[in-house]
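Q: Sequence lines, in order, name chains W and R. Mapping to numbering that gives the first Met the number 0: the first sequence position 46 is 45, numbers consecutive. Mapping to numbering that gives the first Met the number 0: the second sequence position 161 is 160, numbers consecutive.
Derived by calculation from the structure, the hints in this document are not laboratory data. Just so we're clear, the structure is a prediction, and the values are computed from it rather than from any experiment. There may be inaccurate statements among the hints.
[Said to hold, decoys possible] Only pairs whose alpha carbons sit at most 30 Å apart, straight line, appear in this in silico DSS-like list of lysine-lysine:
(1) R:Lys282 with R:Lys120
(2) R:Lys117 with W:Lys169
(3) R:Lys242 with W:Lys169
(4) R:Lys270 with R:Lys117
(5) W:Lys123 with W:Lys148
(6) W:Lys148 with W:Lys112
(7) R:Lys282 with R:Lys270
(8) W:Lys123 with W:Lys184
(9) R:Lys283 with W:Lys112
(10) W:Lys112 with R:Lys270
(11) R:Lys270 with R:Lys79
(12) W:Lys169 with W:Lys184
(13) W:Lys148 with W:Lys3
(14) R:Lys322 with R:Lys282
(15) R:Lys322 with R:Lys79
(16) R:Lys38 with R:Lys120
(17) R:Lys120 with R:Lys228
(18) R:Lys38 with R:Lys117
(19) R:Lys228 with R:Lys270
(20) R:Lys79 with R:Lys120
(21) R:Lys228 with R:Lys242
(22) R:Lys270 with R:Lys283
(23) W:Lys112 with R:Lys282
(24) R:Lys322 with W:Lys123
(25) W:Lys123 with R:Lys228
(26) R:Lys270 with R:Lys237
(27) W:Lys169 with R:Lys38
(28) W:Lys3 with W:Lys169
(29) R:Lys237 with W:Lys112
(30) R:Lys237 with W:Lys169
(31) R:Lys283 with R:Lys120
(32) R:Lys79 with R:Lys283
(33) W:Lys112 with R:Lys117
(34) R:Lys79 with R:Lys282
(35) R:Lys117 with R:Lys79
(36) R:Lys237 with R:Lys117
(37) W:Lys112 with R:Lys120
(38) R:Lys282 with W:Lys123
(39) R:Lys237 with W:Lys3
(40) R:Lys283 with R:Lys322
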Amino acid sequence: MNYKLWLAAVLWLIVQNMAAQQYRVAYFGETITHYGARAGWENTLAANDRVRSNGSIRHELLFSINLSVFRHPNNHIGVALSPELGWRRTAQGGGIVQAAISAGLFRSFYEGKTYRTTPEGQLKRTPLAGQWGFMPGFSLGVGRDLSVKGNLPLLVFANAHGLVQYPYNKTILLRPALEVGVIFKTKS
Amino acid sequence: MRYITQLAGLLALSATLILMACTPDDPAAFSENLRLRHKGADMPVWVRGNMTGNKILLFLHGGPGECAICLREFFADVEKEMAVAYWDQRISGAASGNADPATLNYPQFAEDLGMVIKLLKTRYPDAGIYLLGHSFGVEMAWQFLTTGNNQHEIEAFVAMDGVYATYDWLLQVREWVMREAAAQGDAEALTFMQNHPITPENMRTVSWGDWYSRMFRLGANPVWPTDDKDHVFYLWFKTPGSKFSQLANIGHYDHYYAEEIFTFDRSQLLKNVTIPVALFWGKKDGIIPIEMAYRTQERLERAVPLVVFDNSWHSPMHTEQAKFSQALLDFVQEN
């Protein structure tokens with residue numbers, strides 16, 4: 000992996016941003032002591048409204064791009080860029096349940112000073128050392144759309160994430176995470 | 000108004016989570032995070048403690064596959080007097096990278112140790128390095144110290160509940176199980192061991208599950224740090240690594256326990272070790288019985304002190320922390 004991949008990802012982010020319908024920002028961490036933040040752009044690809052006597056139930060197919068930054072203190076800072084395909088059901092009262100699957104490009108940055116060994120057996124300082132990897136995953140969540148029974152264009156939500164980092168010592172590393180945040184709706 | 004209240008509540012929750020997440024500054028007088036990238040492994044080394052005396056204790060954790068920094072709480076008194084370097088070995092603890100499990104072999108362990116010492120000397124050129132090996136960490140240290148002139152890279156070595164040769168260890172464990180089984184009236188365990196004599200030729204057929212289940216049944220090590228809820232909380236929420244990283248690494252040791260461990264034998268080389276050595280041992284240890292300490296003493300040509308922890312099993316730094324700390328600091332002071 001090299002900078003071209005990151006450049007392509009950033010360009011994709013910009014395009015998504017231009018067409019975005021919703022923005023999200025959230026706390027994102029493995030635990031409360033391994034903390035971080037997540038922000039993203041979200042588009043509704045398709046929606047279906049089922050009208051009921053007391054309102055309508057909305058199903059949406061969503062696509063989003065998210066950037067997560069989290070910290071394992073005294074270990075590393077992790078950055079993940081994750082395109083995500085999701086489904087959201089919004090009930091008559093505004094309650095939502097949602098699920099998503101995501102791909103992810105991951106980079107860690109080790110805290111502290113990293114030295115690598117040279118073929119001659121010497122040590123050489125390595126700035127910005129870390130590890131590249133993929134980080135696919137899934138999430139399940141609940142929340143509330145505050146625009147359904149009010150006029151606030153906001154969703155509040157909490158997602159539980161199951162993420163896996165690959166490679167990690169020739170295998171995968173499970174990285175569960177909690178996301179609690181807000182989605183700002185800019186278009187109806 | 001209700002929505003404003005909900006939003007405010009959410010923001011308050013987020014702020015609380017972030018504030019709770021903020022790890023306070025490390026209280027250690029000296030604190031530096033290092034990492035060694037070597038042959039596929041990115042191994043963290045956390046240096047903590049008191050550096051004013053220019054003495055660093057390099058802690059070699061057990062397992063293999065355990066972690067060093069996760070036992071830091073047992074070194075609180077040591078850190079007040081000297082620095083401690085907590086090194087998570089390759090494919091262990093919080094070590095990351097993409098190391099090949101095929102590198103889990105004794106020559107590589109020793110090579111890694113040599114590079115970590117070199118790293119510490121690069122960062123702290125005036126400091127003297129002392130080794131403390133626990134369990135598997137002792138094996139790693141003997142492999143290192145009996146290779147070339149490596150021993151002269153360090154000031155002294157403390158071996159705690161660890162072995163110099165797998166075969167000799169198995170012999171002593173078998174004796175311990177038979178002795179305890181007879182004393183405790185466990186006829187099944189006694190018969191099992193009587194029916195499974197150990198020779199250099201057949202030791203590869205040892206069934207670890209069969210041996211360890213009987214060892215633990217007889218009280219080989221009834222006290223673990225993880226019996227303490229506070230320690231478990233510390234492991235999950237206060238250590239730099241992730242508990243999931245250890246789970247990811249477990250499967251990589253199959254070859255080690257099937258093949259590599261049986262290659263370990265430094266018994267004929269211990270006599271070449273001339274640096275100061277001390278042996279720390281839990282008197283009640285059934286995992287590595289104290290008879291191994293006596294065998295180690297016999298094989299070392301220079302006289303080495305044996306500090307016996309009467310109320311300890313496999314991990315005296317956990318069960319007799321105060322005595323452990325004082326004995327360790329005394330030994331470092333003398334050497």
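Q: Hints first: check each against the structure and report whether it holds.
A: Hint by hint, here is what the structure shows:
no.	hint	result
1	R:Lys282 with R:Lys120	violated, 35 Å
2	R:Lys117 with W:Lys169	holds, 27 Å
3	R:Lys242 with W:Lys169	holds, 17 Å
4	R:Lys270 with R:Lys117	holds, 25 Å
5	W:Lys123 with W:Lys148	violated, 61 Å
6	W:Lys148 with W:Lys112	violated, 53 Å
7	R:Lys282 with R:Lys270	holds, 24 Å
8	W:Lys123 with W:Lys184	violated, 49 Å
9	R:Lys283 with W:Lys112	violated, 41 Å
10	W:Lys112 with R:Lys270	violated, 38 Å
11	R:Lys270 with R:Lys79	violated, 34 Å
12	W:Lys169 with W:Lys184	violated, 41 Å
13	W:Lys148 with W:Lys3	violated, 45 Å
14	R:Lys322 with R:Lys282	holds, 14 Å
15	R:Lys322 with R:Lys79	holds, 15 Å
16	R:Lys38 with R:Lys120	holds, 20 Å
17	R:Lys120 with R:Lys228	violated, 37 Å
18	R:Lys38 with R:Lys117	holds, 15 Å
19	R:Lys228 with R:Lys270	violated, 43 Å
20	R:Lys79 with R:Lys120	holds, 21 Å
21	R:Lys228 with R:Lys242	holds, 15 Å
22	R:Lys270 with R:Lys283	holds, 27 Å
23	W:Lys112 with R:Lys282	violated, 40 Å
24	R:Lys322 with W:Lys123	violated, 40 Å
25	W:Lys123 with R:Lys228	violated, 41 Å
26	R:Lys270 with R:Lys237	violated, 42 Å
27	W:Lys169 with R:Lys38	holds, 13 Å
28	W:Lys3 with W:Lys169	holds, 25 Å
29	R:Lys237 with W:Lys112	holds, 21 Å
30	R:Lys237 with W:Lys169	holds, 26 Å
31	R:Lys283 with R:Lys120	violated, 37 Å
32	R:Lys79 with R:Lys283	holds, 29 Å
33	W:Lys112 with R:Lys117	holds, 14 Å
34	R:Lys79 with R:Lys282	holds, 27 Å
35	R:Lys117 with R:Lys79	holds, 24 Å
36	R:Lys237 with R:Lys117	holds, 28 Å
37	W:Lys112 with R:Lys120	holds, 14 Å
38	R:Lys282 with W:Lys123	violated, 44 Å
39	R:Lys237 with W:Lys3	violated, 37 Å
40	R:Lys283 with R:Lys322	holds, 16 Å
Consistency note: the structure conflicts with the earlier hints numbered 1, 5, 6, 8, 9, 10, 11, 12, 13, 17, 19, 23, 24, 25, 26, 31, 38 and 39.
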